[in-house]
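K.L.:
First to last, the protein sequences are chains A and B.
Counting from 1, one number per residue, gives the positions in the first sequence under my numbering.
Counting from 114, one number per residue, gives the positions in the second sequence under my numbering.
Among the hints, erroneous ones may be present.
In silico DSSO-like pairs for lysine-lysine, Cα to Cα no more than 27 Å straight-line [stated by the list, open to error]:
no. : chain 1 : residue 1 : chain 2 : residue 2
1   : B       : 181       : B       : 170
2   : B       : 118       : A       : 57
3   : A       : 15        : B       : 155
4   : B       : 155       : A       : 22
5   : B       : 184       : A       : 57
Calculated directly from the structure, the hints in this document are not laboratory data.
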Amino acid sequence: AAGVIQSPRHLIKEKRETATLKCYPIPRHDTVYWYQQGPGQDPQFLISFYEKMQSDKGSIPDRFSAQQFSDYHSELNMSSLELGDSALYFCASSLDALRGTQYFGPGTRLLVL
Amino acid sequence: QQQVKQSPQSLIVQKGGIPIINCAYENTAFDYFPWYQQFPGKGPALLIAIRPDVSEKKEGRFTISFNKSAKQFSLHIMDSQPGDSATYFCAASDAGGTSYGKLTFGQGTILTVHP
Numbered sequence: 001a002a003g004v005i006q007s008p009r010h011l012i013k014e015k016r017e018t019a020t021l022k023c024y025p026i027p028r029h030d031t032v033y034w035y036q037q038g039p040g041q042d043p044q045f046l047i048s049f050y051e052k053m054q055s056d057k058g059s060i061p062d063r064f065s066a067q068q069f070s071d072y073h074s075e076l077n078m079s080s081l082e083l084g085d086s087a088l089y090f091c092a093s094s095l096d097a098l099r100g101t102q103y104f105g106p107g108t109r110l111l112v113l
Numbered sequence: 114q115q116q117v118k119q120s121p122q123s124l125i126v127q128k129g130g131i132p133i134i135n136c137a138y139e140n141t142a143f144d145y146f147p148w149y150q151q152f153p154g155k156g157p158a159l160l161i162a163i164r165p166d167v168s169e170k171k172e173g174r175f176t177i178s179f180n181k182s183a184k185q186f187s188l189h190i191m192d193s194q195p196g197d198s199a200t201y202f203c204a205a206s207d208a209g210g211t212s213y214g215k216l217t218f219g220q221g222t223i224l225t226v227h228p
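Isolated chain A (complex conformation) (with noise of 0.2 Å):
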């Protein structure tokens, strides 16, 4: 079965610098989910879009925005990097959100120099 799909997997970025995250959802999912998983820590919600519109916001960062595109793949633009923003970043879609079974996809690791 086609999972949650992220791009890229590994990225090194110095500070001040930006970061695009790239995800795609499961075929014919209409929302995705993104989370912020520091080392040792649970993931944390940032922000969520259905069907091409944002749908919810946790705590993403001003510096930090986000859209999901006609095809439902979704972009994670992050700018002005900070060290802290060294994580992983999930990306996870769900066919119906309100029945709220969220796949996962394998993650992006950035890390901020």
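Starting from the known structure of chain A, arrange chain B on it as the hints suggest.
P.N.:
Relative to chain A, chain B alone:
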């Protein structure tokens, strides 16, 4: 403020044992409670989930027990195997509300199953 509290932080059992991981939640609007398994450097994988209209759900070796009045739920792993060694997260969402199903996670439990 952690809306979903998970315990223990770590757990060591012998092969064949039955580890039990507990979670408690505060928000009575939560109506969907999944458990995820995560291996190092990998994404969380959905194990089993329950909704508050049932008190127990079993899938293979995994069982969720749910106590709505106490706002608690737990995961039992029957006949645990070394391959079950991973971090387990409970989570909760207000799937029927305006949050469009965002998950709030517990702090995680590192399970080690010795051969």
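K.L.:
Hints first: check each against the structure and report whether it holds.
P.N.:
The hints, checked one at a time:
no. : hint             : verdict
1   : B:181 with B:170 : 14 Å, holds
2   : B:118 with A:57  : 22 Å, holds
3   : A:15 with B:155  : 25 Å, holds
4   : B:155 with A:22  : 17 Å, holds
5   : B:184 with A:57  : 25 Å, holds
Violation of the numbered hints given earlier is absent; every hint is satisfied by the structure.
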